[in-house]
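Input sequences plus hints: build the corresponding full structure.
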Amino acid sequence: MSERILSSKLYIGIWATLMCLTVITAVVSFVDLGPFNTVVALVIATIKASLVVLFFMHVRYTHERMTKVVIVAAFFFLLLLLALSMADYTTRFLA
Amino acid sequence: MSDSPIAVETHGPELRHHFADVEQQRDAASLGMWLFLATEVMFFGGMFCAYLVYRYWHFHEFAAGSRSLDIYLGTINTAVLICSSLTVALGVRAAQMGKQKLLVVYLLLTLVFGLTFLGIKGKEWYDKYEEHHIPGASFNADDIVKEYPQIPINQQYEQTFFSMYFAMTGLHALHMIIGVGLFTVLLYLALKGRYSANYYTPIENAGLYWHFVDIVWIYLFPLLYLIDRKPLK
Amino acid sequence: MFESFPLWPARASTTAAQVDALYIFLVCLSTVMSVAIFTLILVFAAKYRRREGVKAEQIEGSNKLEITWSVFPLLIFMVIFFWGMIIYFHERTPPHDATEVYVVAKQWMWKLQHEEGQREINQLHVPVGRDVKLIMTSQDVIHSFFVPAFRIKQDVLPGRYTTLWFRATQPGTYHLFCSQYCGTLHSEMVGQIVVMEPAQYQAWLAGGTPGAPLAETGATLFQQLGCSTCHRSDTQGRGPDLAGVFGRKVLLEDGRTVIADDDYIRESILAPSAKVVAGFKPIMPVFQGLVSEEQLNALVAYVKSLGQPEKGERPGIPATVQPPQPKVQ
Amino acid sequence: MATAAITQERQNYLNQSYGIKSWLLTTDHKRIALLYLASITFFFFIGGFFALLIRLELLTPAGDLVLADTYNKLFSMHGQVMIFFFLIPSIPAVLGNFLVPLMIGAKDLAFPRINLLSWYLYIIAGLMYIHCMLTGGVDTGWTFYTPFSTAFSNTKVVEAGLAIFVAGFSSILTGLNFVVTIHRMRAPGMTWTRLPLFIWAHYATSIIQLLGTPVLAVTLVLVVLERAFHLGIFDPSRGGDPLLFQHLFWFYSHPAVYIMILPAMGVVTEIVPCFSRKRVFGYSFVAMSSIAIAVLGFLVWAHHMFVAGISLYSAMVFSMLSYLVAVPSAIKVFNWTATMYKGSITFSTPMLYAFGFIGLFTMGGLTGLFLACLGIDPHVHDTYFVIAHFHYIMVGGAVMGYLGGMHFWWPKISGRLYPEGWGRLAALIVFVGFNLTFFPQFILGYLGMPRRYWDYSHSPEFQVLNVLSTAGASVLGVGYVLPMVYFLWSMRYGKLAPDNPWNAAGLEWQTTSPPPTFNFEETPVVNFEAYDYEHIPEPEVAVER
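As given, the protein sequences belong to chains A, B, C and D, one line each in that order.
Numbering of the first sequence is given in the numbering used here, commencing with residue 1 and proceeding in unit increments.
Numbering of the second sequence is given in the numbering used here, commencing with residue 96 and proceeding in unit increments.
Numbering of the third sequence is given in the numbering used here, commencing with residue 329 and proceeding in unit increments.
Numbering of the fourth sequence is given in the numbering used here, commencing with residue 658 and proceeding in unit increments.
Certain hints may be false.
Okay, derived cross-link-like pairs now, PhoX-like style, lysine-lysine, Cα gap no bigger than 20 Å in a straight line [unchecked claim]:
| hint | chain 1 | residue 1 | chain 2 | residue 2 |
| --- | --- | --- | --- | --- |
| 1 | B | Lys194 | B | Lys287 |
| 2 | C | Lys383 | D | Lys999 |
| 3 | C | Lys461 | C | Lys439 |
| 4 | C | Lys392 | D | Lys999 |
| 5 | B | Lys241 | C | Lys461 |
| 6 | B | Lys194 | A | Lys9 |
| 7 | C | Lys392 | C | Lys375 |
| 8 | B | Lys325 | B | Lys241 |
| 9 | C | Lys609 | C | Lys577 |
| 10 | B | Lys241 | C | Lys609 |
| 11 | B | Lys194 | B | Lys223 |
| 12 | B | Lys287 | B | Lys196 |
| 13 | D | Lys999 | C | Lys375 |
Estimated spans, in silico, between C-beta atoms of each pair [to be verified]:
| hint | chain 1 | residue 1 | chain 2 | residue 2 | range |
| --- | --- | --- | --- | --- | --- |
| 14 | A | Thr91 | C | Val360 | 33 to 43 Å |
| 15 | C | Met406 | A | Leu42 | 36 to 46 Å |
| 16 | C | Leu368 | D | Met1148 | 33 to 43 Å |
| 17 | B | Gly231 | C | Arg458 | 47 to 57 Å |
Note that these hints are calculated values from the structure, not bench results.
Note that the structure is predicted; figures quoted are calculated from it, not measured.
Note that the Cβ used here is the ideal one computed from N, Cα and C, for glycine as well.
Okay, structure coming up:
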């Protein structure tokens, strides 16, 4: 491990970005984008989550391959759960 | 992969006997923490799955329920959590550099933000109680039905929305409470000068946990509060 | 004590024959595969048992063999899969002209009602050679309608309909089991399927407890509950005209379309706002808790009986109605 | 090799320290393994006792031994005890705990204190469950299906659910410990391709424990919330969908079958090469098939729901995916068989269990093909066919593997030899008793006898097969008591074991029997491949006898 020490400026920059994105996502939700409201909300949430993971959680700077493998694996299995469950719900009442 | 020989028998107090060296121990702790977070992803994943299914089935009720939540409190709470994540990150940084006093300050700030979040959450829950939006025998969504006559609302499915709301925010809050407990212990130990630039694994791992709980909220916020805020026609 | 000791269940439906054929195929296949493996193990065990002076021969492995015994079973598995799928699709797609029987399960009995109005408890009389479709729901927990002699089974869920169909081939009396654990007397939730020759069945129908046909009961309820004040055939109604709706596609307020099947009608009675027909407001009262499962079945049967519109192609389908005002999703 | 007398004088993990405290506060993975051994054996016999009562009740068609409610509690608690308190911890928490560090040349697991914590969580869960049993028990079946569990059952559903929730965390922590240990604690030279396949199997198992168990945990939390706080999540009368519960439940509970069977496969993969004196045929295929089973195992869960009311199309997808997971299982069976080819085979007790495992697992696996088949499943679902099938996998497979492993490593664990003659006899009794118990149930199932029936007086034609099954169960019971008796006996009176009684490959055999507290006097350096039987002499006839 012996992580690199990141500058506090970087942290504050990330924090400011996160705050901006929070305001943006709240404001955008009042604009009618049709079905894209949900998409935008989720994309912004994912950007925010990625910033936290990459910088606050140091994944961007780690030399550990396993950390990344674990993250990818967790989201892969989460996706399996969601996708295969929805496979039932979206087709259940098709005639 | 550390294939280094496990030969060193003499070691400092922070190295447990069965590890070869400090680096192996820290690598192990870090991997363990990330694996734990992976299990947490699946734990919340089960609930996200339920949420997704019911949102797909009962979209109108979810949209109306979402509108009835207080978006100002929700946004403020998101901001509070992001601030707490910043103080955690800075706290870990202080620990890395061995600045013990600074570490204590950041831990304290984190606790303050964490408790603020829980306080606001509590206020929101209390509002739900006042509005009879807590699922159960006294659940009543007449106010929502009246407020949004344009949206067809089934009260039962509305209850499902609030069930998901309470289950998700409740388990998130439980994680926050655990986090606050964790950071209180860290604060105590930091005050006793337990951590140094050589040994700050607990700070780092608790930090990872805190960030994870933050990420869960980053998703919960749009999923619960921002389902459908477009102006009604 | 042991009156009979069968090793094979009675085979009394068209499905049963199909399932048995696949089952026998699978039994043979499994027997061949396990005998092959067991023989190999026994032969190796005997032939290569430890002997003085004979050393084991180290073998690394063989990619060719590995691929063979991965791909080959997979091919066989796919045959089983497709064969099974064909049977399943057949078994899960009821013929359109099937006679319908409504089934309500509750802890711990089966209540069945024929289209003609006959009610039965824990017994179902059906004629040989006719397709029978069961429309099932539960009043409490999950049950499962299982007739071994027909090789059919379907869970019966509260809050929605599930369906099942069969065509009996052999007269006789067969077991009806509840196969989904449902509480204390799960094992007493059993009954009989009585399969009769058509003539006998007619006699049974005639001699049975008289009851109004299901649709007729439904029609009365339709009046009593006041449904008819809004669901009218003139265009003044505040609800869509129901004539000819059944089985058609319906355009919904939010742009989706659904098929107006049993489940949709059921849901529209219990939770009308869930899928509102385009052009109408979500003003219909909720009937959840106000009608029993049996009454619900009667209402569904009535709506169904409104059936096809007359030849003149009345625009009975609300899909063609212009929405009176723009709507929010 | 050291002589027996010297072995005993050396310090080992058993005589390192004495007293209750030295056990209850130990962080030694070997002692924790023994703590687990004692506790899971306790639960095994509780679950077995329930099974006995179930079989006795079914001896006659009428419900004449116990009340219907009692019977429902018996099979529910039999399932929950056996699955959550015996099978899931069985091989991983006992043999895995003991052997994973030894096999990779580590001093301990990566997190010894978490290891102890996970045993305590198990004990807390166990006590909670015992409390639940003593105060009325639970009657939901082991599956907790909603809305029965959340709205209709009037038994201790919440207590049982919370107990299993806690047991789940114990299981998660064990898996977490294994993954980290296998990644981080391997001895110098112990590369991934030199790992014993037992380790690969445990690695795969741990993946499932880590990613599957939390979903069960949250599902149980939701059940508890719905039952205790009236949230409407699964109950259709409160707007929920009961099938969602089944989706979430089986997302864990189908892979959970692989938590039970994969470690047993790992055990068999150690035993077969040792008693054939050969390296494993197709090492990399066996290793990768474990991983494949773990991953594909997550894609098949809805084959438990073909008649539950899911969509036709998703049923089709899940059926096809279920056949995919059968392939890696088949690969394993073929490779074990091929490993024996041109070997030098002896028939000690562990090998007899391995034979039994392969035979019974093959039959369990093949009948799995029936259940994954959309054409057959609607008939045999929820009948005794399913009961027979999963007992062939979990008892014929997992328990046979567990017993085989216990015999194989008993000399290492206890430092004593068990009586070989009795061992073989018990293996034979278990095999015969097992088949007699469960084979008739396949026929019963196809005849249509539904599971969880307390009374079948309306269909007395099922009786003959039930009598056979009950007779078999009593034989099986004897087969399970025997090993416990002679293992206990051997701890005091058994012959002292040499370090490597089977002349087996693997690091665990290179240390003393029993091993010292830190496993190896010197950190081993691995410069040989796994299953290097070419360079290991065959054992003396003395052990073979």
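Evaluation of the provided hints:
For the hint linking Lys194 (chain B) to Lys287 (chain B), the alpha-carbon distance of about 13 Å falls within 20 Å, and the restraint holds. A threshold of 20 Å between alpha carbons decides the hint, and for Lys383 (chain C) with Lys999 (chain D) the separation of about 9 Å falls inside it, so the pair holds. Note on Lys461 (chain C) and Lys439 (chain C): the hinted pairing holds, with a Cα-Cα distance of about 15 Å set against a maximum of 20 Å. Pair hint Lys392 (chain C) plus Lys999 (chain D) holds up; C-alpha atoms about 19 Å apart against a cutoff of 20 Å.
A C-alpha spacing of about 42 Å is found between Lys241 (chain B) and Lys461 (chain C), which places the hinted pair above 20 Å, so the restraint is violated. In summary, the hint linking Lys194 (chain B) to Lys9 (chain A) is supported, as the alpha carbons are separated by about 17 Å, within the 20 Å threshold. Of the supplied pair hints, the one linking Lys392 (chain C) and Lys375 (chain C) is violated, its CA atoms being roughly 24 Å apart against a limit of 20 Å. Annotation: proposed proximity of Lys325 (chain B) to Lys241 (chain B) holds, straight-line Cα distance about 18 Å (limit 20 Å).
For the given pair, Lys609 (chain C) sits about 19 Å from Lys577 (chain C) by alpha-carbon distance, which is consistent with the 20 Å threshold. Between Lys241 (chain B) and Lys609 (chain C), the direct Cα distance comes to roughly 14 Å. Compliance with the 20 Å bound is thereby established for this hinted pair. The suggested pairing of Lys194 (chain B) with Lys223 (chain B) is violated, with an alpha-carbon distance near 44 Å, which exceeds 20 Å. Annotation: proposed proximity of Lys287 (chain B) to Lys196 (chain B) holds, straight-line Cα distance about 11 Å (limit 20 Å).
Only pairs whose Cα atoms come within 20 Å are accepted, and Lys999 (chain D) paired with Lys375 (chain C) is accepted, the gap being roughly 8 Å. Take Thr91 (chain A) and Val360 (chain C): their Cβ atoms lie about 36 Å apart, and the range 33 to 43 Å holds. Take Met406 (chain C) and Leu42 (chain A): their Cβ atoms lie about 37 Å apart, and the range 36 to 46 Å holds. Range check, Leu368 (chain C) to Met1148 (chain D): Cβ separation about 38 Å, and the 33 to 43 Å hint holds.
Roughly 48 Å separates the CB atoms of Gly231 (chain B) and Arg458 (chain C), a value that falls within the hinted 47 to 57 Å.
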